[in-house]
Each structure stands twice: as structure tokens, then as C-alpha cells.
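Based on the hints, put chain B in the right spot on chain A.
2 protein chains.
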Amino acid sequence: MNKIVQCVPNISEGRDLDKIEKIVQPLKNNKGFKLVSYEPDQDYNRTVITLIGNPDDMIDPLVAFFKEALNHIDMNHHKGEHPRMGAVDVVPFIPIEGVSIDECVSYAKNLAEKVNTSLDIPIYLYAQAASTSDRENLPTIRKGEFEGMKEKIKDPTWNPDYGKPQIHETFGVTAIGARIPLIAYNIDLDTDDLDIAKTLAKTIRKSSGGFQYIQAGPAYLEEKGHTQVTMNILDYKKNPIYRMYEMIHMEALRYNVKVMSSEIVGLVPKDAIYRSLIYYLDMHHIAYDKHMSLNQMTSYAIKYLGFRDFDSSKIIEYHIEDLS
Amino acid sequence: MNKIVQCVPNISEGRDLDKIEKIVQPLKNNKGFKLVSYEPDQDYNRTVITLIGNPDDMIDPLVAFFKEALNHIDMNHHKGEHPRMGAVDVVPFIPIEGVSIDECVSYAKNLAEKVNTSLDIPIYLYAQAASTSDRENLPTIRKGEFEGMKEKIKDPTWNPDYGKPQIHETFGVTAIGARIPLIAYNIDLDTDDLDIAKTLAKTIRKSSGGFQYIQAGPAYLEEKGHTQVTMNILDYKKNPIYRMYEMIHMEALRYNVKVMSSEIVGLVPKDAIYRSLIYYLDMHHIAYDKHMSLNQMTSYAIKYLGFRDFDSSKIIEYHIEDLS
Chain A
1 MNKIVQCVPN
11 ISEGRDLDKI
21 EKIVQPLKNN
31 KGFKLVSYEP
41 DQDYNRTVIT
51 LIGNPDDMID
61 PLVAFFKEAL
71 NHIDMNHHKG
81 EHPRMGAVDV
91 VPFIPIEGVS
101 IDECVSYAKN
111 LAEKVNTSLD
121 IPIYLYAQAA
131 STSDRENLPT
141 IRKGEFEGMK
151 EKIKDPTWNP
161 DYGKPQIHET
171 FGVTAIGARI
181 PLIAYNIDLD
191 TDDLDIAKTL
201 AKTIRKSSGG
211 FQYIQAGPAY
221 LEEKGHTQVT
231 MNILDYKKNP
241 IYRMYEMIHM
251 EALRYNVKVM
261 SSEIVGLVPK
271 DAIYRSLIYY
281 LDMHHIAYDK
291 HMSLNQMTSY
301 AIKYLGFRDF
311 DSSKIIEYHI
321 EDLS
Chain B
1 MNKIVQCVPN
11 ISEGRDLDKI
21 EKIVQPLKNN
31 KGFKLVSYEP
41 DQDYNRTVIT
51 LIGNPDDMID
61 PLVAFFKEAL
71 NHIDMNHHKG
81 EHPRMGAVDV
91 VPFIPIEGVS
101 IDECVSYAKN
111 LAEKVNTSLD
121 IPIYLYAQAA
131 STSDRENLPT
141 IRKGEFEGMK
151 EKIKDPTWNP
161 DYGKPQIHET
171 FGVTAIGARI
181 PLIAYNIDLD
191 TDDLDIAKTL
201 AKTIRKSSGG
211 FQYIQAGPAY
221 LEEKGHTQVT
231 MNILDYKKNP
241 IYRMYEMIHM
251 EALRYNVKVM
261 SSEIVGLVPK
271 DAIYRSLIYY
281 LDMHHIAYDK
291 HMSLNQMTSY
301 AIKYLGFRDF
311 DSSKIIEYHI
321 EDLS
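Line by line, the protein sequences give chains A and B.
All the letters of the first sequence, read from the start, carry residue numbers 1 to 324 under the numbering used here.
All the letters of the second sequence, read from the start, carry residue numbers 1 to 324 under the numbering used here.
Bound-form chain A, shown alone (with noise of 0.2 Å):
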């Protein structure tokens, strides 16, 4: 069986589209595995790019785009919506056919080493692929962002796993790891009140209190004039879609505040939604089986959880049959 991750680098520039075309070049057109998307978010000024397939075949290509990212963004002049710390902010090797979490591992440190070795930007490893346990949780890393990284990665607590202790002065650091497949998934209200956006994603997510799986905060969309609940959720078997979404629906009641809609940023893995639906399709007594078509699935995501700018391709699923 062919060996199939997913990877997902996002890079600190969502707004010149110029530059992000220069800094992608290299992981387009290469034998091996496909780049499936990228999706500059002005808001975030970030954007999240996706590729799907061998990962020995993505390291050097990899590589390469990590140099033009450092040619092309400098950190000292970066603003936007999502916490970051480097012009390749975190690069997450994902399982998905044919190959475990422990190679995904190897495969993030041997990225890590060639690009510091290379370019000699510091690296952490993260996610499953930490050397502590203080350094599974990506925020805990990025604490401080890339403003408060230059004193924090000279406190021997947080030393970089390659490089020496001191940023990148122009692209910062970068976080390399291996994890299960997260989903990113925000929800869209309609006030422009950040602050219920807050207290919200605060009932949701476990460093408040609220689920084990989820990492949420709020986001104001300025190009679209409202507020989301921002999240990640890291365990979707466990804290499924659907409950963030009836849950952020229930507790924004109060404030007289409505969900409008939600997205997925990147892929999601077919089991997430199939396990989401079956709440509503259970609720109102709605026939389905496992081997619904993408399509199918599609158009009930769309409606049941207000998904928008959704399609079949979002769907992990959809490439893999593409690439086989």
C-alpha cells in the first residue's frame, strides 16, 4: 500500500497573493503528492496550505518552500487575527493510509533538521512528536508570539529542539510536528461584539473549562464585519463538530446573538462528518448508511451545520480516491 500523509504548513502572509504564489512554487507539480489547496485568509493574514501524499517525497520540496518563505516574509512587519511566531508558522505531518504516527514523527524530524541545517532557522517539535510534555500543546509554544519569542527561547525551559537559542531575526521559528487529524473549524455569529465572541468560545474550550478536545477563541472578521468562535478540534471522535456548533447555537441565545453559519479551514477527514450528521439524521428520522457518496454527505453538512464554502474536495477522502 502506497504511503499517504497529509501536511499542513501554514505560512505567516495572507494578503499579497503575489508573494504566496513565489512561496508555494516549489511543493506545485511533484511526483509523489498533490498540493491540494491553499487558502490565504486576509483577516488572519495566514494562509493554510495543504498537500496530500508520500511523505518521502515531500521533504525536499518542503525545504525549498520553506527558503522562499524566508526570502519573502518578514516578521517584524506582520499583523493579523491568529497568533504566530514564524513565516512558516507550524507544519503538521498527518496520518492517513499506510503509515503510523511514529513514522510521521521521523518524517517531522527529519524536515526539522534539514531545514535548520539549511537555512538555520531554530525548530520545535511538536504534537506527538514533542521532546517534553510542555511542548505537545502548540499554543503553549507559541505563547508570546513572534514578539516575545526572542527572550522566551533564551530560557533554557524553552531552547529550541534544532538551532540555536535565538530567532530567526526576520522569519522567527517554526514548529514542526506529527498529530492525529485536527480539524480547524470556526463558527460564524452575527454580532460584531468580540467579546461575547469570547465568552463563547470560553464555555467550549478545556483551558476555561469547558471540552477536553477543543482550543477556541474569538476572531473578528474584518472583511466580513463579524465575530467567530475560532477552534481546533483535536479529538473529533470524542468532541464532535455538531456539538461545538448546537452548543455555540445554545449558548449565544442569551445574548440574543444567532449562528449564521460555519466553515472547515482545510481538510476534514470523511469519519468527522459522517459522525456529525448522524445526530440530525437520527433527530429527524432520516434513512443513510455508511457508504453515503461525498456529494451526498456534502449537502447534508451544508444544511445540518451550516457549513459554507463547502464542497466535496474538502473532504481528505475526495484526493485519496483521486490519487490512486
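Quick caveat, the hints were computed from the structure, so don't treat them as lab data.
Owing to the predicted nature of the structure, the values given are computational and were not obtained by experimental measurement.
There may be inaccurate statements among the hints.
[What the hints assert, rightly or not] Simulated pairs of lysine-lysine, DSS-like, Cα-Cα distance not exceeding 30 Å:
hint	chain 1	residue 1	chain 2	residue 2
1	B	Lys224	B	Lys79
2	A	Lys206	B	Lys238
3	B	Lys143	A	Lys237
4	B	Lys258	A	Lys290
5	B	Lys202	A	Lys198
6	A	Lys202	B	Lys258
7	B	Lys202	A	Lys303
8	B	Lys258	A	Lys238
9	B	Lys258	A	Lys206
10	A	Lys258	B	Lys258
11	B	Lys202	A	Lys238
12	A	Lys114	A	Lys28
13	A	Lys258	B	Lys206
14	A	Lys198	B	Lys290
15	B	Lys109	B	Lys31
16	A	Lys3	A	Lys114
17	B	Lys198	A	Lys202
18	A	Lys152	A	Lys109
19	A	Lys164	A	Lys67
20	B	Lys290	A	Lys202
21	B	Lys237	A	Lys202
This is chain B only, laid out in the frame that chain A set:
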């Protein structure tokens, strides 16, 4: 200012009212504190006893109460829905007014020593009084229950804080500790299917990925012929009552199960009720102020949170007013 604590011994007898009377006898008509209530539960075969008042005056009567429990309960014949490990299963001291949590820890240790010395019952200190972090969580200590403790207590990790590593053969073992107010809260489901109650409990409890301060499980109420999600809310500020009530309602929809009502076991701080009511009052645009009467609060709680068997005497502050 007078020292006021709430002390809530739980005994493993909820059916034989004659025995229960004899056991609680030493707690009646004392100077300095009141026996506010004792609530036998036949399904749980357990009685929750609530004392409010000066802890200095409680210790000797509590030792006499342990002696009565020892005389009248043989755990080898005990059956009930609620997990248990001793004739007196657990005794928490809870700070209410003019007393710190640290002082409550001292009262717990004082009682533990006297009970062990005079009755040879092994005692575990738990919650804030715990000697190790493993012992903070009561269900962790109690795992295995009366039957399993016979072996578990011999494991050096689980030697008791007071007494020999050997259970009392008819009494079992007891946990004594100090903690902030905890709310014992149950949600009534219109189904007799315990699997559904269990699935619903798992959506909210910490150990299955749910909320940080929720312990929950399923229970079948023989007497009433329906199930409950039964829970402890360990921090009602971070995980308020209304959130559990609304979430169980939401999750139950997929199984065509309705939430019929809910119940507070023991007492509840006024602040916990207030924080939940304002969710509904805000939503319905009903004006309110912090100083609404306990009667007003009670009627809202019955209306919006479906409390059954509830009146203002279940609010802790009702009894404090009464003492002073």
C-alpha cells in the same frame, strides 16, 4: 464572625428508615450546628446528610454518628445504584462563611484521626485534604468499591492515610476531606434505556472528553422506572447547571428522548442557582437583580431548570439566615 461550614456525610443505607434514624440520632439537637436534612434514596440505597454550622461543635457528634453506622450497617449485604466503599462512604467539609478551605482540611484530619483511633476504621483523606494527587478525586479512591477495596487497600499506593492496610470487615473504609461547594445534580430522562443515559453522560463528563469539572454516569431509578444522568458539578462557575441541562436536552434529541425534569441532591449555593437562571432571564428579556428573594429564585429554577422536589430550603443561604 461565626465559623460556618457545610458538612455532608453520605451513608450506605437508604431503605431501612429505622436504621437511618438511629444512625443520624447523634447529629440531632446539638449546640452550634443544625442537622438540616437527611435524604434517603431507595434506588441508591444511600442517604445524604447535611449539617450546617460551627465545625468545632460537629466533631464529637460525628464520631458518635460513625459508631452508630458501624453498629447498624454491614456492607457485605449492601446493594445500590451508587458506587460506595463504606458504611459512612464520604464526609466532606465545605467552607461557607468565616472559615477557609485550609481550616476545613484541618477539621477533616481531626475527624479522621478520632474516627480511626476510636473505631479502627481506615480513612482516606480526599479532595483538598488529599495526601497525594492520586487521592484528590473520590471516584479514583473508590474504584473497585467495597468489594474491591479488600485487595486494593493492601497495595502500597492505596494504603489508607489513617489505619492499617485492611478494610473494616463490615464497615469498609471512609473518605474524609475538604472541598469547595459541589453540586450533586441529576437529569431525568423519559427512557428506561440505561445505554442511552450512559452515552449522554459521556458527552459531558471529563473522563470521556467532556467538561473539566463534571463527573457523570447513568442511573436507573427502579422506583420511578426511568433513567437519569447523574452528576457532580465540581465547579459551578466554570460548568454551570444550565449548560448541563441544555446540553443533555440537545444530545437526547437524537434518541427521541426527552428531559423530563432535574433534581438537586442535598443543598446548593444561591450563587449557583443565580448564575444559571440569568441564562434564561437574559434570553427571555426578563429583568432581574442580584438580590431577588430565595422564593423568587426557587420559582424560576422550577420553571426554567425543571427542578423537581425543590424549595428554598435547598439553598444553603436559607439556613444561614436562620442560624444568625
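Now for the hints, and whether the structure bears them out:
1. Between the alpha carbons of B/Lys224 and B/Lys79 the distance comes to roughly 18 Å, so the proposed pair stays at or under 30 Å and holds.
2. A distance of roughly 11 Å separates the Cα atoms of A/Lys206 and B/Lys238; the hinted pair therefore holds under the 30 Å criterion.
3. Taken as a hint, the B/Lys143 and A/Lys237 pair is honoured in the structure, with Cα atoms around 26 Å apart against an allowance of 30 Å.
4. With a CA separation close to 27 Å, the supplied pair B/Lys258 and A/Lys290 stays within the 30 Å bound.
5. Only pairs whose Cα atoms come within 30 Å are accepted, and B/Lys202 paired with A/Lys198 is accepted, the gap being roughly 26 Å.
6. A hinted pair counts as satisfied when its Cα atoms are at most 30 Å apart, and A/Lys202 with B/Lys258 qualifies at roughly 27 Å.
7. Proximity of B/Lys202 to A/Lys303 is assessed by CA-CA distance (about 27 Å); at most 30 Å being required, the pair is judged to hold.
8. Annotation: proposed proximity of B/Lys258 to A/Lys238 holds, straight-line Cα distance about 23 Å (limit 30 Å).
9. Our distance criterion of 30 Å between C-alpha atoms is met by B/Lys258 and A/Lys206, whose separation comes to about 28 Å.
10. Straight-line distance between C-alpha atoms of A/Lys258 and B/Lys258 comes to about 24 Å, which keeps the hinted pair within the 30 Å bound.
11. The suggested pairing of B/Lys202 with A/Lys238 holds, with an alpha-carbon distance near 9 Å, which does not exceed 30 Å.
12. Between the alpha carbons of A/Lys114 and A/Lys28 the distance comes to roughly 20 Å, so the proposed pair stays at or under 30 Å and holds.
13. A C-alpha spacing of about 28 Å is found between A/Lys258 and B/Lys206, which places the hinted pair at or below 30 Å, so the restraint holds.
14. Taken as a hint, the A/Lys198 and B/Lys290 pair is honoured in the structure, with Cα atoms around 24 Å apart against an allowance of 30 Å.
15. Our distance criterion of 30 Å between C-alpha atoms is met by B/Lys109 and B/Lys31, whose separation comes to about 22 Å.
16. The straight-line distance between the Cα atoms of A/Lys3 and A/Lys114 is roughly 21 Å, inside the 30 Å bound, and the hint therefore holds.
17. Taken as a hint, the B/Lys198 and A/Lys202 pair is honoured in the structure, with Cα atoms around 26 Å apart against an allowance of 30 Å.
18. Taking the CA atoms of A/Lys152 and A/Lys109, the gap is near 22 Å; set against the 30 Å cutoff, the hint holds.
19. Between A/Lys164 and A/Lys67 the alpha-carbon distance is near 18 Å, which keeps this suggested pair within the 30 Å criterion.
20. Our distance criterion of 30 Å between C-alpha atoms is met by B/Lys290 and A/Lys202, whose separation comes to about 23 Å.
21. With a C-alpha separation of about 12 Å, the suggested pairing of B/Lys237 with A/Lys202 holds against the 30 Å cut-off.
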